[in-house]
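*Asks:* Here's the letter readout for the chains.
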Amino acid sequence: MTTSTKKRLTTSAMIASFADEGQRTTSAPFGHALAGLAEQRPEIVGLSADLAKYTDMHVFREAYPDRFYQMGMAEQAMLGTAAGMAEVGLLPFASTYSVFATRRAYDFLCLDIAEPGLNVNVVGGLPGLTTGYGPSHQATEDLAILRGMPGLTIVDPCDSVDIEQAVPELADTSGPTYLRLLRGSVPTVLDEYDYRFRLGEAAELRGGRDVLMISTGLMTMRALQAAQELASDNVDVAVLHVPTIKPLDREAILREVAGDRLVMTLENHAVVGGLAESVASCLAFAGAGKRIVPIGLPDEFLAAGALPTLHDRYGLSASAIAARTREELA
Amino acid sequence: MSDRVHALEESACRIRRHALDMGEAQGQGYIGQALGLADVLAVVYGDRLRFQPWDPDWPERDRFLLSIGHYAIALYAALAEAGIVDVAELETYGADESRLPMSGMASYTPGMEISGGSLGHGLGVATGMALGLRQRGNPARVYDLLSDGELDEGSTWEAALACAHHELDNVTAIVDVNALQADGPTSGVLRIEPLTAKWESFGWRAIRVDGNDIPGLLAAFDELAAHRGSPSVLICDTRVGRGVPLLENREKAHFMRVESHEWQIARDQLEETYA
Numbered sequence: 001m002t003t004s005t006k007k008r009l010t011t012s013a014m015i016a017s018f019a020d021e022g023q024r025t026t027s028a029p030f031g032h033a034l035a036g037l038a039e040q041r042p043e044i045v046g047l048s049a050d051l052a053k054y055t056d057m058h059v060f061r062e063a064y065p066d067r068f069y070q071m072g073m074a075e076q077a078m079l080g081t082a083a084g085m086a087e088v089g090l091l092p093f094a095s096t097y098s099v100f101a102t103r104r105a106y107d108f109l110c111l112d113i114a115e116p117g118l119n120v121n122v123v124g125g126l127p128g129l130t131t132g133y134g135p136s137h138q139a140t141e142d143l144a145i146l147r148g149m150p151g152l153t154i155v156d157p158c159d160s161v162d163i164e165q166a167v168p169e170l171a172d173t174s175g176p177t178y179l180r181l182l183r184g185s186v187p188t189v190l191d192e193y194d195y196r197f198r199l200g201e202a203a204e205l206r207g208g209r210d211v212l213m214i215s216t217g218l219m220t221m222r223a224l225q226a227a228q229e230l231a232s233d234n235v236d237v238a239v240l241h242v243p244t245i246k247p248l249d250r251e252a253i254l255r256e257v258a259g260d261r262l263v264m265t266l267e268n269h270a271v272v273g274g275l276a277e278s279v280a281s282c283l284a285f286a287g288a289g290k291r292i293v294p295i296g297l298p299d300e301f302l303a304a305g306a307l308p309t310l311h312d313r314y315g316l317s318a319s320a321i322a323a324r325t326r327e328e329l330a
Numbered sequence: 001m002s003d004r005v006h007a008l009e010e011s012a013c014r015i016r017r018h019a020l021d022m023g024e025a026q027g028q029g030y031i032g033q034a035l036g037l038a039d040v041l042a043v044v045y046g047d048r049l050r051f052q053p054w055d056p057d058w059p060e061r062d063r064f065l066l067s068i069g070h071y072a073i074a075l076y077a078a079l080a081e082a083g084i085v086d087v088a089e090l091e092t093y094g095a096d097e098s099r100l101p102m103s104g105m106a107s108y109t110p111g112m113e114i115s116g117g118s119l120g121h122g123l124g125v126a127t128g129m130a131l132g133l134r135q136r137g138n139p140a141r142v143y144d145l146l147s148d149g150e151l152d153e154g155s156t157w158e159a160a161l162a163c164a165h166h167e168l169d170n171v172t173a174i175v176d177v178n179a180l181q182a183d184g185p186t187s188g189v190l191r192i193e194p195l196t197a198k199w200e201s202f203g204w205r206a207i208r209v210d211g212n213d214i215p216g217l218l219a220a221f222d223e224l225a226a227h228r229g230s231p232s233v234l235i236c237d238t239r240v241g242r243g244v245p246l247l248e249n250r251e252k253a254h255f256m257r258v259e260s261h262e263w264q265i266a267r268d269q270l271e272e273t274y275a
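As they're listed, the protein sequences go chains A and B.
Under the UniProt record's numbering, the very last position in the first sequence is 330; numbers go up by exactly one each time.
Under the UniProt record's numbering, the very last position in the second sequence is 275; numbers go up by exactly one each time.
If you are wondering where the hints come from, they were derived from the structure by calculation, not from laboratory data.
Just to be clear, a hint being listed does not mean it is correct.
To be verified - Computed Cβ-Cβ distance ranges for the label pairs, DEER-style:
id	chain 1	residue 1	chain 2	residue 2	range
1	B	P139	A	G287	15 to 25 Å
2	A	P65	B	G154	25 to 35 Å
3	B	Q52	A	D299	52 to 62 Å
4	A	D299	B	V189	53 to 63 Å
What the hints assert, rightly or not - What the simulated footprint calls covered on chain A by chain B, stretch by stretch (three residues with Cβ under 8 Å from a Cβ of chain B suffice, anywhere in the stretch; the number is not a length):
id	segment
5	71–77
6	85–91
7	111–125
Owing to the predicted nature of the structure, the values given are computational and were not obtained by experimental measurement.
Where a beta carbon is used, it is the ideal one built from N, C-alpha and C, also for glycine.
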């Protein structure tokens, strides 16, 4: 059999990183950014619900052991505690997996943190499909859950550059924020572009005549890869990166969709309630009727397995995106 | 009776009277609980809390968290007694544009530290305040008022673990045990006893008292104030409707209905109780 010589992809081998082989990466950008910022901001504290090591919070813990609070596997208490800390003047960053922050502790994020408008920064690991551990760990609907929460800023970074630049801005935002964390060895992509993360602003990373890809999170990296692949077919693709899901940069989106380019949205999230529907409502509410092609995860509980296999299967890989684009243009 | 006790008894009477007046304004409400809790609130605000009535945001103040937001009527009565809210404002309770909504909301009312109401939240926030105050070298204490029914919520016990783990001796939980919750007696809805043993097993210093006995409450608070090294809980058995026989003897109801002609009877009975 030919497969006997090929290395078998496994779930566990892939949980730490979705970086492509040989891709430039940065280690634990969130943890280092937070520890760096904490040097100038003594009010910053870190909390985790027994997942410091798995959300890059361990970097902060090691740098500032007296400002790190281990809350145990108790996400509700962690978010309530973070709220109480903010009430007395501290600036908490609280990390756990996205599934637990959103599904399990929603009421605490909503009523303890968002309703009083506290500066608490919730950091959710394993957003969307970034683990092969199945639905228990795959936060495929976290944006759908959170978008309706008044006053919550939601950021879905593309890479290590986005994360490093977002952390100080999240700290400076007076109200609550939710960061879709990319952890471990995180790809470093955006330093090759004329780009700087600005909260609430979309950024055109490349222009293109034929297709407009509106993307967020790690799917911006995939959009850029797909755009390169399509360029060899003489398909000219623009990429508009939307790292802030809420508040959405409606102005940039409306400006870019004008014209007759094929418009696609790309997100590491279910097609329900995330970027695709944010863009769709933005267009509809502005009377800018336009078909959009949503690339995202299906409205179903996903399979377990190795990430590259799953990204391919669910259409998130660069080659799957390029193939879908060709189909749409055919 | 010592002067200290006598003054607090009179304070508790005024808190009950304020609660009855507010209840009449709305025609209903958690009046039974407010009457039951008045002695605890009189002791807390009259003898325990460090605060400045003219500056509800004073950073050094002790925090009093009303986790049970539906007890707002009781707290408004206590805030009026404490001089944080004007007595005259109590008649706006529950009205449009009032700063005194039916369920406690921090952004509406001076002295209301959190927006309770979704039960099981107060102790978690208290945990964070206590950790933060300790980290900042602020000697203020954090009190969290819970009800026995609220102990059904698992998040309360997550926070109880956290307070003990972090050795938060600047936290005092107060549990109002009126043995009643929305669907009936607590013993029938979800058994929560033995309470003292439960809190002790979670690493708390626990004392159980008659919550309608002011000397007993004072002694218990004095004892807890001297305790170090772990959080404290005062479990207070209270009687719904306390001080007004008409309501004490009424069939126990979580949300007590009082007829319009009964409010004056209730006030008269309260006066007799304290005569």
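*Asks:* Per the coverage rule (Cβ-Cβ under 8 Å, at least three residues), is the segment 71–77 of chain A covered by chain B?
*Replies:* holds (count 5)
*Asks:* Cβ-Cβ distance between P139(B) and G287(A): within 15 to 25 Å?
*Replies:* violated (59 Å)
*Asks:* Looking only at beta-carbon atoms, does the pair Q52(B), D299(A) fall within the given range of 52 to 62 Å?
*Replies:* Check passed, 55 Å falls within 52 to 62 Å.
*Asks:* Are there at least three residues in the segment 111–125 of chain A whose beta carbon sits under 8 Å from a beta carbon of chain B?
*Replies:* This one holds; 4 residues, not fewer than the three required, reach chain B with a Cβ under 8 Å.
*Asks:* So is the segment 85–91 of chain A in contact with chain B by the C-beta rule, three or more residues under 8 Å, or is the coverage claim wrong?
*Replies:* Three-residue rule met by the segment 85–91 of chain A, so holds; n is 6.
*Asks:* Could one say that the CB atoms of P65(A) and G154(B) fall in the range 25 to 35 Å?
*Replies:* Since the Cβ atoms of P65(A) and G154(B) sit about 29 Å apart, the hinted range of 25 to 35 Å holds.
*Asks:* For D299(A) and V189(B), compare the CB-CB distance with the range 53 to 63 Å and indicate the outcome.
*Replies:* violated (38 Å)
Against the hints set out earlier in the document, violations occur for numbers 1 and 4.
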